[in-house]
Amino acid sequence: MSLRHFATGLGLLIVGIVLVAGLLAPYIAPHDPFAQDLMKRMIPPEWMDGGSALYPFGTDQLGRDYLSRLLYGARISLLIGTLAVVTSGLIGITLGILGGYFGGRVDDVVMFAITCRLSIPLILVALTVVAFVGSSLTVVVLTLGLLLWDRFAVVARTTTMQVRTLDYIAAAQAAGASRLHILTREVLPNILSHLVVVATLEMALAILLEAALSFLGLGVPPPLPSWGLMIAEGKDYMFFSPWVIMIPGIALFVLVLGINLLGDGLRDMLGTGRRV
Amino acid sequence: MKPVLEVANLRVSFASGTRAVRGISLAVQRGETHCLVGESGCGKSVSSLAIMNLLARGATRSADILRFHDTDLLKLTERQMAQLRGDKLAMIFQEPMTSLNPAYTIGSQMAEALTRHRRISRAKALDRAAELLERVGITAPGMRLAQYPHQLSGGLRQRVMIAMALMCDPELLIADEPTTALDVTVQAQILRLLQTLQRELGLALLLITHDLGIVARMAQRVSVMYAGEVVESASAEALFARPTHPYTRGLLECIPIPGASRRDAPLGSIPGVVPRIGPDFKGCGFRDRCAHAAPICAEMAPLQHAAPNHDYLCRLPPDWPEAAAA
Numbered sequence: 001m002s003l004r005h006f007a008t009g010l011g012l013l014i015v016g017i018v019l020v021a022g023l024l025a026p027y028i029a030p031h032d033p034f035a036q037d038l039m040k041r042m043i044p045p046e047w048m049d050g051g052s053a054l055y056p057f058g059t060d061q062l063g064r065d066y067l068s069r070l071l072y073g074a075r076i077s078l079l080i081g082t083l084a085v086v087t088s089g090l091i092g093i094t095l096g097i098l099g100g101y102f103g104g105r106v107d108d109v110v111m112f113a114i115t116c117r118l119s120i121p122l123i124l125v126a127l128t129v130v131a132f133v134g135s136s137l138t139v140v141v142l143t144l145g146l147l148l149w150d151r152f153a154v155v156a157r158t159t160t161m162q163v164r165t166l167d168y169i170a171a172a173q174a175a176g177a178s179r180l181h182i183l184t185r186e187v188l189p190n191i192l193s194h195l196v197v198v199a200t201l202e203m204a205l206a207i208l209l210e211a212a213l214s215f216l217g218l219g220v221p222p223p224l225p226s227w228g229l230m231i232a233e234g235k236d237y238m239f240f241s242p243w244v245i246m247i248p249g250i251a252l253f254v255l256v257l258g259i260n261l262l263g264d265g266l267r268d269m270l271g272t273g274r275r276v
Numbered sequence: 001m002k003p004v005l006e007v008a009n010l011r012v013s014f015a016s017g018t019r020a021v022r023g024i025s026l027a028v029q030r031g032e033t034h035c036l037v038g039e040s041g042c043g044k045s046v047s048s049l050a051i052m053n054l055l056a057r058g059a060t061r062s063a064d065i066l067r068f069h070d071t072d073l074l075k076l077t078e079r080q081m082a083q084l085r086g087d088k089l090a091m092i093f094q095e096p097m098t099s100l101n102p103a104y105t106i107g108s109q110m111a112e113a114l115t116r117h118r119r120i121s122r123a124k125a126l127d128r129a130a131e132l133l134e135r136v137g138i139t140a141p142g143m144r145l146a147q148y149p150h151q152l153s154g155g156l157r158q159r160v161m162i163a164m165a166l167m168c169d170p171e172l173l174i175a176d177e178p179t180t181a182l183d184v185t186v187q188a189q190i191l192r193l194l195q196t197l198q199r200e201l202g203l204a205l206l207l208i209t210h211d212l213g214i215v216a217r218m219a220q221r222v223s224v225m226y227a228g229e230v231v232e233s234a235s236a237e238a239l240f241a242r243p244t245h246p247y248t249r250g251l252l253e254c255i256p257i258p259g260a261s262r263r264d265a266p267l268g269s270i271p272g273v274v275p276r277i278g279p280d281f282k283g284c285g286f287r288d289r290c291a292h293a294a295p296i297c298a299e300m301a302p303l304q305h306a307a308p309n310h311d312y313l314c315r316l317p318p319d320w321p322e323a324a325a326a
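Line by line, the protein sequences give chains A and B. Going by our numbering, the first residue of the first sequence is number 1, and it counts up by one from there. Going by our numbering, the first residue of the second sequence is number 1, and it counts up by one from there.
Derived by calculation from the structure, the hints in this document are not laboratory data. Each hint should be verified, as a subset may be incorrect.
[What the hints assert, rightly or not] Chain A residues, not near chain B, derived (Cβ > 12 Å throughout):
no., residue
1, L13
2, G16
3, M39
4, L83
5, G104
6, A113
7, T158
8, V163
9, A175
10, R185
11, L188
12, P189
[Claimed, not checked] Quick list of the computed label-pair ranges, beta carbon to beta carbon:
no., chain 1, residue 1, chain 2, residue 2, range
13, B, L54, A, M161, 39 to 49 Å
14, A, T165, B, G278, 51 to 61 Å
15, A, L90, B, G17, 40 to 50 Å
16, B, L201, A, T165, 28 to 38 Å
17, B, P256, A, T165, 52 to 62 Å
18, A, F132, B, G278, 30 to 40 Å
19, A, H5, B, L267, 48 to 58 Å
The C-beta atom is built at its ideal place from N, Cα and C for all residues, glycine as well.
Please model the entire structure based on the sequences and the hints provided.
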């Protein structure tokens, strides 16, 4: 097995584990992630001095079980990642296909929209929006979704341009297919493999951005156990109890790495003319 | 008899100013094969796309007559035209390797061709697809229906394309160089297939090609195109027996005839390439490459009759080849 296959397999494994952990969180979490117990604050993880098998990853400053919060946090990360990608995918793919297929003035408008979007500072706008509207899961998802569509649009546009000139599009026209049919049934399936790769990359980005927003206190509102929020809440204690930021930090790193490895693997598998 | 397709003075120009088609006229009868022949860039494909109203953006078409049976194609909206395309008016493209969508099975694409135009269940459409695949000489059609285009060879794909074009019982089939991408054996099979189908179904076939061998084999009527014009139009026998336009004669001289062409004698060729025709072009498009060009050719090229139903576009009199030989 080559290194490349190994990396893809590893990515798949990581994403699979996090997915299962998130889905099964209510069943496998040892404690209630919201239950506070001030008598059991800052218990170190099991493998450190003073650790307890009851709290494998220790507890936070409010005495909540860290493993349980981590498991529930996986749900938040995946949920935000997925929904943000679906939203931005819908916007970006629609714009990209329209621009790429019709060209001319339509394409000018789409390119202008992409340029505008690229000149918007992501974090700053996300911060402003959340600061004005107030933070909630929906707001974070919509903000990220409305900001991350540019790469979808660029890739959908260029791939559509390549597909548009192929004979089967002309053949579909000659067979009396409507425009909508050509865009959704002839073009879309043939550019989907490229878009799947973009989706994985954007998902990783959305998860990181959510963590960043939450760290800044403008993402998911407490007491929801977002990984970014866990890092933020732990930063005051990091000198004496470094695990409170290391554990969610490593989880975040591993998940994003996994998604990126999976995305690279998908690109290799789907990318180079598997079908003629 | 009223022709299935009647075209008069069809013109196509591009936004760049190029006049790709400059007033061609032709008619295709039921059960007739009409060959549109000419070299690359002479406007054959553009003409066929113009008939189907599938020209790319930036191209404009106009015509005095563009009629399919009694339907004036010039007056149809895009929606009405789309209903006609693939139904009564079908088209086969040059490149069988890319003319099928790689994302769908053969069966699903073929069934779609029928369900798009008829109220018919998918199962019935698939039955018809299997029947047509068998008809175009594909064995085990049931298996082929479930396959994807990349699993089929070029010849098979072109058969599939033909079968797909026949799904709705078209009355006119436009085939744009249907055998160019295929090797000679497969080419012969496909041509034979087209001939059989045409005879059995009474199709009107507009066959676009650059291969005079195909013309000789298939055509009842021939229109020779050069630089966007039909320079000579005749029945196939008349055209091969008595080619009158210098371009047609030049084309025929380019073909070696086994036994008749002398060994070591250079094969005929027409020097130069097809000129780009701008908006203010006057006279004969062939004059720069023609051995018989005269000053008047820069002014005009009159339409003359060599015989009934045999027209050509040149200043030379109909009997010039004999006069030149004498």
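Here is how each hint holds up against the structure:
1. L13: Given a closest Cβ separation of 29 Å, the condition holds.
2. G16: Answer for G16 (chain A): holds, closest chain B Cβ roughly 27 Å.
3. M39: For M39 (chain A), whose nearest Cβ neighbour in chain B is about 61 Å away, the distance exceeds 12 Å, so it holds.
4. L83: Check passes; 27 Å lies beyond 12 Å.
5. G104: violated (6 Å)
6. A113: Holds, since 21 Å exceeds 12 Å.
7. T158: holds (18 Å)
8. V163: violated (10 Å)
9. A175: The claim breaks: A175 (chain A) does not keep its Cβ more than 12 Å from every Cβ of chain B (closest is about 3 Å).
10. R185: violated (8 Å)
11. L188: The assertion about L188 (chain A) is violated, with a minimum of 9 Å to chain B.
12. P189: At about 4 Å from chain B, P189 (chain A) fails to clear the 12 Å cut-off, so the statement is violated.
13. B:L54 to A:M161: 39 to 49 Å: violated (18 Å)
14. A:T165 to B:G278: 51 to 61 Å: violated (26 Å)
15. A:L90 to B:G17: 40 to 50 Å: holds (41 Å)
16. B:L201 to A:T165: 28 to 38 Å: Roughly 32 Å apart at Cβ, these two residues keep to the hinted range, so it holds.
17. B:P256 to A:T165: 52 to 62 Å: Since the Cβ atoms of P256 (chain B) and T165 (chain A) sit about 36 Å apart, the hinted range of 52 to 62 Å is violated.
18. A:F132 to B:G278: 30 to 40 Å: Hint violated: Cβ distance 60 Å, outside 30 to 40 Å.
19. A:H5 to B:L267: 48 to 58 Å: holds (56 Å)
Hints 5, 8, 9, 10, 11, 12, 13, 14, 17, 18 from the list above are not met by this structure, while the remaining hints are.
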